[in-house]
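Got chain A; can you put chain B on it based on the hints?
Take a look at the letters that make up each chain.
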Amino acid sequence: MSEFFESRDIVIPGDVLFEGRTRTGDNTYRSEGKVCATRIGLVEYGRGIVSVIALEAGYNPLIGDLVVGEVLDINLGRWVVDIDAPTPAVLTVPDAIDAPFRPDIVMPDILDVGDTLVAKIVDMDRRRTPILSILGRDLGRVENGFTVRITPSKIPRLIGKKGSMVNMILKETGCRIAIGQNGRVLIQGRTREQEEIVVNVINRIEREAHTTGLTNRIQEYMKSLKEEHV
Amino acid sequence: MSPRKKKVEWKRIDGRARNELRPIKIESGVLPNADGSAYIEMGRNKVIVGVFGPKEMHPKRLAKPHMAVLRCRYHMAPFSVNPRRSPAPSRRDNEISMVIRHALEPAIFLDRYPRSAIEVYAEVLQADGGTRCASINAATVALVDAGIPMRDLVVSCAAGKIDGKTILDLGDYEDQKGEADLPVAYMPKLERVTLLQMDGVLSPEELEQCIDLAMEGCKQIYEMQREALKKKYGVEKEGE
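Just so you know, the protein sequences line up as chains A and B, in that order. Per the numbering used here, residue 1 is the first one in the first sequence, and the count goes up by one each step. Per the numbering used here, residue 1 is the first one in the second sequence, and the count goes up by one each step.
No false leads were mixed into what you were given.
Simulated coverage check for chain B against chain A, where a stretch passes if three residues somewhere in it have a Cβ under 8 Å from a Cβ of chain A: (1) 48–60; (2) 112–121; (3) 138–148; (4) 151–162; (5) 181–195.
To be clear, the hints were calculated from the coordinates, so they are not data collected in a lab. Being a predicted model, the structure only gives us computed values, none of them experimental. For glycine and all other residues, C-beta sits at the position ideal for the given N, C-alpha and C.
Just chain A, same shape as in the assembly:
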């Protein structure tokens, strides 16, 4: 039973984190009784569990996630949507317009190739292809705004504790922000300047996601940006 690092140290794949009885958390694996890291990140020793908060990670789709995606292709009765996951997602007609598919439906009128959409993962099929739905509030095709891409593992930082970070950005700029768990963030503001401020702020959050006291620093940064624009 021993810990080999301090909590929140940067670890690299293969680093032995723990030896002895424990559960393995995110981004870790067990080999010959040792718990090792699989991704670069910050190690965290919880109660009976060792995990790594990844600094770099791809998106792993889960049921219930809100995602921002782009339509890749239209098949008979379904759209193929890129959500930055290992496999593209599928949106069927009943999940898009709340009506069964009929051959006379003109699918590009609802969503065309290249359209950006905000959707929710409602299910996975038996090959673990994500099934999307755009039925619901704030879901559906996106008409305007910016999308920014950040590393999906840094999304929790952008949201903050109980949404503190995103609420602060909302209050300061008045922009609508849809945070896709897949690392794409949609920003819709009243003016271009407001949207640009949010883009800058999000990029800074991504760069400094692993540091402490981020919310306060971002607040000051946002104020200085706003003064520049005034």
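For chain B alone, coordinates are given in the frame of chain A:
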């Protein structure tokens, strides 16, 4: 060389000691358009590696239902050697692509991404012997930078023999004029060898010496890879 001096001390062509590596510089996250990337300079070798994925496998018939497919492409730029070489993939490029794939595969959790592909593109900008080792070293850093789950880093280094003496990290001249060349790749934490090639002739004792020598070199490179990966985050930490 003075004729008076009877015993001339043996030295390598670039004045290195027998167990000395060339100067190495590694940088991670150099290409914003790739999911993960790395740049390495091993002596006069310059290699840039980009990683994409895991993503959908095309053509789909080559996808494996239970695991991801690792695809590697090693390519030498036309200007990487003098005289210029043809940019078309050669027999040698294809072989080294395969060798890199075999060296990296055991380190990656491929079974976590069924039906998908992970792509590694290594581009040699300048070659000076040992580009496959440099490519593997950079590819590992790029894979970690892409956030692909790995068991361990893969480190690679060559050892060989010239003038009857075993040496570490052969340059181009030593590679061509020497008696043997032995690239090794291995995972230092798991202590598993993932690549062992040999070109030339070595006695069993020399082979063991060379492997030990290469392992030593790998351990030194491993530390540099760690530094490079941490540097991307460490520099910003100081600004707090």
